[in-house]
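Here is what each chain is made of, one letter per residue.
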Amino acid sequence: MIIHFTLQTPFWLEVRMLIQVLNGLVYGALLFALASGLALMFGLRRIVNFAHGSLYMLGAYIGYSVGAHAGFWTGLAVAALALGLLGAALDVLVFRPLQDKDPLITLLVTFGLALIAEDVVQSIWGNDTLALAEPGLLIGTVQIPGTTFPVYRLAIIAFGALVACGLAAWLRLTRIGLFVRAASFNPTVAAIQGVDTDRVSALVVAVGAALAGASGVVAAPLLSLAPSMAADILVDSFIVVVVGGLGSLAGAFVVALLLGQINVLGIVFMPELTALLPFILMVGVLIWKPTGLAGNRL
Amino acid sequence: MRNIRFFAAVLALCAIGPLMATLITSPLMLSLLAQATFAAIFAVGVGFLIRQNGMVSFGHAAFYGLPGYMIGMLLPGASMPAEVVIIGAVVLTGILGFAIGLVIVRVHGIAFGMLTLAIGQGLYVAVTRVRGITGGHDGMNLRLPRELFGLPLKFLQQPQGMLIVSWLVLMLILVSIWLFSRSHWGRLTEGIRDNEERIRFLGYATLLPRALVFAASTVVAAIGGVMFVIYNTFISPDAVHWTASGSALIMAILGGAGSTWGPALGAFVYFLLKHAAGSYTTHWLSIIGVALILVSVAFPNGLAGLVVRWFNPARRGAAS
Chain X
3 MIIHFTLQTP
13 FWLEVRMLIQ
23 VLNGLVYGAL
33 LFALASGLAL
43 MFGLRRIVNF
53 AHGSLYMLGA
63 YIGYSVGAHA
73 GFWTGLAVAA
83 LALGLLGAAL
93 DVLVFRPLQD
103 KDPLITLLVT
113 FGLALIAEDV
123 VQSIWGNDTL
133 ALAEPGLLIG
143 TVQIPGTTFP
153 VYRLAIIAFG
163 ALVACGLAAW
173 LRLTRIGLFV
183 RAASFNPTVA
193 AIQGVDTDRV
203 SALVVAVGAA
213 LAGASGVVAA
223 PLLSLAPSMA
233 ADILVDSFIV
243 VVVGGLGSLA
253 GAFVVALLLG
263 QINVLGIVFM
273 PELTALLPFI
283 LMVGVLIWKP
293 TGLAGNRL
Chain C
97 MRNIRFFAAV
107 LALCAIGPLM
117 ATLITSPLML
127 SLLAQATFAA
137 IFAVGVGFLI
147 RQNGMVSFGH
157 AAFYGLPGYM
167 IGMLLPGASM
177 PAEVVIIGAV
187 VLTGILGFAI
197 GLVIVRVHGI
207 AFGMLTLAIG
217 QGLYVAVTRV
227 RGITGGHDGM
237 NLRLPRELFG
247 LPLKFLQQPQ
257 GMLIVSWLVL
267 MLILVSIWLF
277 SRSHWGRLTE
287 GIRDNEERIR
297 FLGYATLLPR
307 ALVFAASTVV
317 AAIGGVMFVI
327 YNTFISPDAV
337 HWTASGSALI
347 MAILGGAGST
357 WGPALGAFVY
367 FLLKHAAGSY
377 TTHWLSIIGV
387 ALILVSVAFP
397 NGLAGLVVRW
407 FNPARRGAAS
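Residue numbers (the working numbering), protein chains in the order written: chain X, 3 to 300; chain C, 97 to 416.
Hints are supplied without guarantee of correctness; some may be wrong.
[Said to hold, decoys possible] Here are some chain X residues pointing at chain C (derived, C-beta under 7 Å):
hint, residue
1, L110
2, A277
3, P292
[As the list claims (entries may be wrong)] FRET-style restraints, in silico, Cβ to Cβ:
hint, chain 1, residue 1, chain 2, residue 2, range
4, C, I191, X, I107, 46 to 54 Å
5, X, R201, C, D334, 38 to 46 Å
6, C, G287, X, Q124, 39 to 47 Å
7, C, G287, X, A160, 51 to 59 Å
8, C, I120, X, A252, 56 to 64 Å
9, X, R201, C, V106, 53 to 61 Å
[Said to hold, decoys possible] Over the 12 Å line for every Cβ pair with chain X, so calculated as not near, a few chain C residues:
hint, residue
10, L124
11, A174
12, M176
13, F208
14, D234
15, G246
16, F276
17, A301
18, T302
19, N328
20, S382
Because the hints were derived from the structure by calculation, they are not lab data. Ideal Cβ placement from N, Cα and C applies to all residues, glycine included.
Extracted from the complex, chain C is given alone in its bound form (with noise of 0.2 Å):
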């Protein structure tokens, strides 16, 4: 009975996308819906890295613009079909960032933070250096064949095609860190966040899980950011300046890392919020700072705590 109910809420879930697209008319819209799905899925994997290893990272949009670039350089010369470079950029930078986060999950709290800020930082630095390679400041356009995973390319870079996508993908996504975060692994890790010394004690290796940890979010990250080159078929060092990992973040804070799908909803929030308030004011800025303030400050758990407090009053505070 509850496996049913859990098929028919994800199915539910799955069909909203669809369902904008269908729905809402408006190119302008449907774009930005689109736009936001990708940053969702972005800040789902620094979401998920806060939540599962209790640790903020201000570099992640590393993880998000390499595989765009990588594409962007393998494509021209690959003999193999897009697809394989695709899936292999993604795979590329969950290896790199397993590699990474086997060195860096060792450093705690606030250096953990400018860690990955100086990596994040680091890949900017690069990308706009090796101006033959990745066109510098101007950024690199790709070259993608007319089909991709069996989907025309025409219906990926038209919104109301990707939006159905990335939303899919999106749900994808949500619903494996769902899984993960019940099972052992997911436990495991969130006993390593409380008390990393009391798990040693207990006889697991807390390295490895964590490592593992920050790999995952990188990859889901590199999901994001292929979604985006996909669909704008460019990349510019924008997308990965710490600017970017930092707008992320304020997606994951104010929707609430404290759930999965938090995140996700603050990436929603976010930028319905930009574009409303963009006719009215050019004082985007500050409204995000004080929203971020406001929520670091008040409501920890973000708005995914407030929407489940207002559905489920018994549970008051938790979401999860």
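This is chain X alone, in the form it adopts within the complex (with noise of 0.2 Å):
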């Protein structure tokens, strides 16, 4: 009698899994590039930015369109740009003139000005699904043993690597990321010492923003754009800024890839759940700290 060994392969060793582990890391990173402007602001303005996916959904539209008549590079640049001035812009015009209100009431007005940026996309862009395509630099796939992996995918990966370690150094080792340091820990105190802290926040709010525009022209080649595309990208920001520890960067980071990798993975083991995950983590967590994972730590 012969006994037939089968060797079998764990099934996070499948080439299946790596695939699905990158996907994750990429909604990961664009969720954490998104993120990390809301957190920056609350971090700053005590406020919840409810028009921070229209900031994205407008970064993607401005980079449809300059993108189609002067490339794709130039779009990106034109919509960091862009929505960098609108975010000084709303940090001058919104925030500062509310900083003494209940944060309730920004919250309203931002949630209004989401409502605004609709109506202006549908004007302009129409209601139809639009797509961008990606730059030919990052057309094509790379070979991994026994499959491929779309080149463009990768590049979203190293962009949202960009965007924690460029944020971390700045943050870190500039004076600036110190005045912003500070005043996220205490505005009052940081400006008793002498830190402008209208000018820092105005200059986290445009940076947030920027952020913002670039992910969504970052996004704009694998999810296709739509004036839904703000509201459905929101609640899953919301979720990464608030289970993080609304204003803390690191607590984004680790949540955004956590929900990236929740997403992928929740498809491949129960697909009727995967949408739920996201919320009953969220539930789960603020029952457990309610000022989220990080508390109130940067």
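Build the complex from these two chains, which are given one at a time in their own frames, with help from the hints.
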């Protein structure tokens, strides 16, 4: 009698799983690039920006229009710049005058702005879904033993890593970064020490908005453009920021990557429940720790 | 004397509904007003939570749509009368609201709003996924018996009849909420809203009253949702999507959540304005966005605050 042993590869070693993990990283990187701005804004202004998804959407549409004429890279640069200026204006015209009021008022005002932005996008670009082609440099696939993976998706992961490292270096190593951390920790004391918190805030909101715009352009070739894209991603990025701990960049980083993995692994193991998992995660964490994973640390 | 004047005022308000139903002949307008009344009940629930608990919910559509789905799922196989199923759905929503409230009212401010958003979107995702039972994005039709609560279904599905019924329900809810806010519990929850620590120091438990207010607000929203499904005999995920919660919140803020009746006023203004704007422009979203910004920055008491100030200049700014 001969006993046959079949050597089974554990499921997590299969190439299929590697692809899923990479896809999870792609979404996680996008979410982080978007949510980092939201977290920074909360840290400085103690506001939740309901219009953050709209900034992402505006970035994507501007990138689409400019990209159609001048190429993807110009589109990306113009969108980031335009959204940065819009962010600075948003801080000076909206957040600063409202800073002494109830944060809920700012929340409602940004909710109103999100409605207006949706109308603006519908009026200019229409209701149809649009597609932006990936840049020529990043077309094609990479060989992974047994399968292939699109280069563009790897580029998105690189983009997320770049944003994370860039922000961390900016906050930890530069003088302005020091001011930002000080103003997040305690705006009054920072102001007494001579930090111009209004200027720091305008800069941070501008950087957050520019990141949102850039993420919109980067996401555009992967997801399609539609006026509903703002609301779709807003809920997920809120979950990232709230679960990570409002205002915490590190917390947002961890949760964005976690959410990305939950999304793809959920699709593999329990497709019916996947879309519910982020909400379950959020409810669970907030009940356990109402201030989020990182508490109030930056 | 005060009691007589109070009852006279309530009766006069109750009469407005039937009066509208008889005076207005355009079926389109009647239907619009009926739909606005459902939304008004929903918005009153959202506003009640803001006023009594100081909490802004971004997910109350879950409690507005849930009873509709419960009725749709339970009615075909139920051996009990439809009335029991309908009341049961509202009661179950309230119990669920209480259970959820016990957990989430511990979380304050923005995070509370995000939690409600998550709960609302969670239900939305759930009803779009279990397609076999709920019909997914296509929604589900309800098969209601010919008579409900002694009223013929035809009467309830006609704009005129439904306007009268839902208006009376709205008035009943407003009076109950008004009486609640003047009761011991109403004062207590307002005190907790303003300074929870101080009320706890006075020896009161603060969690239970807040959870009860949350539960009550879900019951009010559920009643609005039940009127909606009886009239439309149809429920779809749109009813539980967060944009539905957002609209109800906008109505409550526009009308002024500082008063009991403000959110209802906001709902009627919202519907009539949307109808009027529809024939001139497609930029409804911008109009409502600007209105929301204007009201939340410049008129924290909303339209109700303006009305009160108009009729009673002595009570400047106070609408309650």
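Hint check:
no.: 1; hint: L110; in the structure: holds (4 Å)
no.: 2; hint: A277; in the structure: holds (4 Å)
no.: 3; hint: P292; in the structure: holds (5 Å)
no.: 4; hint: C/I191 x X/I107: 46 to 54 Å; in the structure: violated (33 Å)
no.: 5; hint: X/R201 x C/D334: 38 to 46 Å; in the structure: holds (44 Å)
no.: 6; hint: C/G287 x X/Q124: 39 to 47 Å; in the structure: holds (45 Å)
no.: 7; hint: C/G287 x X/A160: 51 to 59 Å; in the structure: holds (55 Å)
no.: 8; hint: C/I120 x X/A252: 56 to 64 Å; in the structure: holds (60 Å)
no.: 9; hint: X/R201 x C/V106: 53 to 61 Å; in the structure: holds (56 Å)
no.: 10; hint: L124; in the structure: holds (25 Å)
no.: 11; hint: A174; in the structure: holds (26 Å)
no.: 12; hint: M176; in the structure: holds (30 Å)
no.: 13; hint: F208; in the structure: violated (9 Å)
no.: 14; hint: D234; in the structure: holds (18 Å)
no.: 15; hint: G246; in the structure: holds (40 Å)
no.: 16; hint: F276; in the structure: holds (23 Å)
no.: 17; hint: A301; in the structure: holds (19 Å)
no.: 18; hint: T302; in the structure: holds (15 Å)
no.: 19; hint: N328; in the structure: holds (24 Å)
no.: 20; hint: S382; in the structure: violated (4 Å)
Hints 4, 13, 20 from the list above are not met by this structure, while the remaining hints are.
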